[in-house]
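The chain contents come next:
2 protein chains.
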Amino acid sequence: MTWTVGPTNSLVDVAGVRVGHYTRTDDGWLTGTTVVRLPVDGAVAGVDVRGGGPGTRETDLLDPRNLVERVHAICLSGGSAFGLAAADGVMSALLTDGVGFPMGGPGEVVPIVPGAVIFDLGRGGVFANRPDSSFGAAAYAAATDAAVAQGCVGAGTGAKAGGIKGGIGSASTVLADGTTVAALVVVNAVGSCVDPRTGHLYAVSLGFPGEFPEVGPIDPERLAQARARAAEEVGPLKPALATTIGVIATDATLTKAQCAKVSGIGHDGLARAIRPVHTMFDGDTLFTVATGARGADAAPDPFAFHALLDAAGDTVTRAVGHAMLAATSVHPPARTIRSYRDALL
Amino acid sequence: MTWTVGPTNSLVDVAGVRVGHYTRTDDGWLTGTTVVRLPVDGAVAGVDVRGGGPGTRETDLLDPRNLVERVHAICLSGGSAFGLAAADGVMSALLTDGVGFPMGGPGEVVPIVPGAVIFDLGRGGVFANRPDSSFGAAAYAAATDAAVAQGCVGAGTGAKAGGIKGGIGSASTVLADGTTVAALVVVNAVGSCVDPRTGHLYAVSLGFPGEFPEVGPIDPERLAQARARAAEEVGPLKPALATTIGVIATDATLTKAQCAKVSGIGHDGLARAIRPVHTMFDGDTLFTVATGARGADAAPDPFAFHALLDAAGDTVTRAVGHAMLAATSVHPPARTIRSYRDALL
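Protein sequence lines, in the order shown, are assigned to chains E and S. 210 is the number that this note's numbering gives to position 210 of the first sequence; each next residue is one higher, with no gaps. Count along the second sequence from 1, add 345, and you get the number used in this note's numbering.
Please keep in mind that the hints were generated in silico from the structure rather than gathered at the bench. Remember, predicted model here, so these are calculated numbers, not experimental data. The beta carbon of each residue, even a glycine, is placed where N, CA and C say it ideally should be. Be aware that a few hints might be false.
Said to hold, decoys possible - Here are the computed distance ranges between Cβ atoms for each label pair:
1) 641/S - 41/E: 30 to 36 angstroms
2) 559/S - 65/E: 18 to 24 angstroms
3) 41/E - 470/S: 25 to 31 angstroms
4) 673/S - 102/E: 28 to 34 angstroms
5) 27/E - 523/S: 54 to 60 angstroms
6) 577/S - 65/E: 29 to 35 angstroms
7) 602/S - 304/E: 54 to 60 angstroms
8) 333/E - 651/S: 53 to 59 angstroms
9) 372/S - 40/E: 43 to 49 angstroms
10) 40/E - 470/S: 23 to 29 angstroms
11) 386/S - 26/E: 31 to 37 angstroms
12) 297/E - 625/S: 23 to 29 angstroms
13) 673/S - 64/E: 36 to 42 angstroms
14) 125/E - 644/S: 42 to 48 angstroms
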C-alpha cells in the first residue's frame with residue numbers, strides 16, 4: 001500500500017477546502033457550529049443519511065436526479081433541529097460574498113448550504129441555549145485552510161459518545177495516484193468508540209503506522225472504572241441523545257451519485273469506529289464534496305474509484321479516533337464529562 | 346360517488362389543522378410564508394419530493410425507517426433556499442408554547458417542522474428581499490381554523506405559473522365513510538395551469554358539480570393574447586424559476602409510509618393540473634399529515650386507503666384550480682403579472 005497521510009492529516013488537505021468553528025462554552029452553554037467552506041464555484045456533493053433520527057436541510061437537492069450539482073458550504077451544528085438555523089447565517093454571508101447558484105442578475109445568487117445537526121441540548125446546563133444563525137456566520141468568517149482544530153470545538157463542543165467526551169476529528173489520505181480524500185466528523189454517539197474488552201479506541205487499529213502514538217497499555221483498574229461510568233451514562237436511554245455527522249472531501253472529479261456512494265462507504269468507517277452506530281437515537285449523516293481540482297481527465301476509472309472508496313472508509317474511522325483523542329474533559333454545571341485521555345490514558 | 350366537498354372546501358376541514366399566512370407586499374417585496382399548524386401532539390407525516398430543484402428541511406426524518414413519527418407544523422415559504430429560515434421562527438414559537446418532541450425535562454421539547462420553499466426571488470423588485478425567521482413566527486401566530494385565505498397570500502404571494510399569477514389554493518373532500526382529505530398548494534410552476542387549446546384551467550374539469558361556477562366560455566381574442574404573453578413570460582427559461590409545494594391533510598389514521606404514498610399520488614393531482622410539472626426547474630414537494638382523529642380503529646383497510654388515495658389526487662388538482670382563480674393581478678415595479686381572471690375570464 002502506497003497511501004500516505006496528507007500534510008495536515010485533516011480536511012483542509014483537499015485544496016480549496018476551509019474549515020471554521022464557532023464555539024460557545026460560557027455559563028450555561030456547551031455547543032457550537034462548524035462550517036466547511038468550498039471553492040467559490042462550489043463542489044459536487046452527495047449525502048447518505050443512515051441514522052434513525054436525522055436533522056437535516058437541503059439534502060433533497062443532492063439526489064443525483066436533481067438539478068443543483070454544486071454546493072458552496074456544508075454547515076454542521078449542535079442544537080438538534082434548532083441548530084439548522086446556523087445555515088441561515090452561512091447563506092447570508094455567502095450572498096454578501098456573491099457566492100451561490102447564479103440566478104441571472106449581478107449579485108443574484110442562491111447559496112447552496114446543506115446541513116445536519118447533532119443533539120447536544122442541555123449539555124451546558126440550559127436546554128434553550130442552542131446555535132442560531134449568528135453561529136453559522138461566525139464559523140463561516142473563521143474558516144481557514146490551516147490544519148483543522150479538533151476536539152471540543154465548533155459542532156463538537158457539546159458532543160459525547162458512549163459516556164465519554166466526543167468532539168471534532170479529522171484525517172486525510174493521499175492515494176497512490178495523488179488523489180486526496182479527507183474527512184471531518186463530529187463524534188456524538190449513543191454507542192461507544194472504546195472497545196470494552198481492552199479500553200482501546202476501535203479506530204486506532206486502522207491508523208497509519210505512528211498515527212496514534214500516544215496509545216499504550218491500558219490500566220485494568222481505570223478500564224473497570226470507565227466501563228462503570230459509561231454504563232451509567234449510556235443507560236437508561238433517553239430519546240434522540242446523539243448523532244454523528246461529518247463531511248468527506250476529495251479533489252477527485254466525481255458525479256453527485258458517486259459522492260453519495262462515498263458517503264455510504266464512509267458510514268462503514270463509522271461502523272468500524274463506533275459500536276453501535278446508526279441507531280434510532282442517532283441521526284448519522286455524512287456529506288461528500290468533490291472539488292474536481294484534479295481535473296475531469298483525472299475522473300476515476302472503476303478501479304481508481306474503488307481505491308478512493310476504500311480509503312474514504314478508513315479515513316472516516318481515523319477521524320473518529322482523532323476526535324476522541326483531541327477531546328478534553330468538560331465540567332458544565334450538570335456534571336463532568338470525562339475525555340478518553342482522562343478516563344483511560 | 347358519494348363524496349362531498351367539506352364545509353369550507355379547504356385544509357382546515359381536517360379537524361385540528363390551522364393555517365396562518367404572513368404576506369409582505371410593500372415596496373420591493375412580493376413574498377410570504379404559510380404555516381400549517383397541527384394538534385399539539387403532532388400528526389404522522391410523510392413527504393414525496395418530485396421536482397428537480399427542491400429546497401427542503403427536515404425531510405430525512407420523515408423516512409418511514411426513522412424514529413420521529415409526528416410533526417408539529419409544516420412551513421411553506423417563498424424566498425427560495427433563503428426562505429428555509431422561516432421554519433426557525435416556527436420552531437421558536439412552538440418551543441415557547443411547549444410543543445415538540447419530548448426530550449425528558451419540563452419544557453424540553455424539539456419541535457419538528459419540515460419545510461419547503463418556492464422560488465420567487467426578485468418578483469417584488471428586490472432580489473434580496475426574502476422571508477426570514479420572523480415570517481415563520483408571524484404566520485404561526487396568525488394560524489386559524491377559519492376557511493383558508495387563498496390567492497396572493499402567504500407563501501403564494503409572489504407565485505406564478507406559466508406566466509400567469511399563481512398563489513395559494515385549497516380544497517377538501519369528505520369520503521363516503523366520513524374520512525376527510527384536504528389539500529393546500531402553493532402554485533408556482535414553470536408549466537401552465539391553462540389548456541392552451543381552450544383557455545380553461547385543467548383543474549376545473551375535475552371539480553365537483555358547481556365547484557367552479559365562474560368558468561364559462563373563453564373569448565378567442567383574449568385567449569390569443571394570453572398565449573402570447575405566456576410564451577414571452579415562460580421562455581427563455583431561467584434556472585430554478587419555479588416550484589409548487591403543498592400539504593395534504595387527513596383525519597385518517599395512517600403510518601408514515603402511507604403518508605408518503607398519499608403525497609406521491611398527490612403529485613399525480615399536480616400532473617393533471619399543471620403541464621409540464623416536476624421539471625428540473627421545479628422543486629415540487631408535497632407533505633402529507635394524518636391527524637388520526639378518526640381513531641386507530643378507523644385505520645383504512647386496503648380498499649378504504651385506495652379511496653383516500655383517489656380522493657387525495659383530485660383534491661390536489663382542485664386546490665390548484667382554486668389557487669389560480671383566487672389569484673389577483675400584481676403590479677410590482679418590474680412588471681405586471683396578470684391573474685387568470687384578468688387574463689381570460
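Is 53 to 59 angstroms a correct range for the gap between the Cβ atoms of residue 333/E and residue 651/S? At roughly 56 angstroms between Cβ atoms, residue 651/S and residue 333/E fall inside 53 to 59 angstroms, so the hint holds.
Can you tell me whether the CB distance of residue 577/S to residue 65/E sits inside 29 to 35 angstroms? holds (30 angstroms)
Range hint compliance [Cβ, residue 372/S to residue 40/E, 43 to 49 angstroms]: violated (32 angstroms)
Has the hinted range 36 to 42 angstroms been met by the Cβ atoms of residue 673/S and residue 64/E? holds (40 angstroms)
Outcome of range test on Cβ distance (residue 673/S, residue 102/E; 28 to 34 angstroms): holds (31 angstroms)
Evaluate the given range 23 to 29 angstroms for the C-beta pair formed by residue 297/E and residue 625/S. holds (27 angstroms)
Taking 18 to 24 angstroms as the hint, is the beta-carbon distance of residue 559/S and residue 65/E inside that range? Between residue 559/S and residue 65/E, where Cβ atoms are some 39 angstroms apart, the hint is violated.
For residue 641/S and residue 41/E, compare the CB-CB distance with the range 30 to 36 angstroms and indicate the outcome. violated (52 angstroms)
Is 25 to 31 angstroms respected by the C-beta to C-beta distance linking residue 41/E and residue 470/S? holds (29 angstroms)
Cβ-Cβ distance between residue 40/E and residue 470/S: within 23 to 29 angstroms? Check passed, 27 angstroms falls within 23 to 29 angstroms.
Given the hint of 31 to 37 angstroms, is the C-beta distance from residue 386/S to residue 26/E inside that range or not? At 36 angstroms between Cβs, range holds.
Okay, residue 27/E versus residue 523/S on CB: inside 54 to 60 angstroms? Check passed, 55 angstroms falls within 54 to 60 angstroms.
Going down the numbered hints, you'll see the structure goes against 1, 2, 7 and 9, while the others check out.
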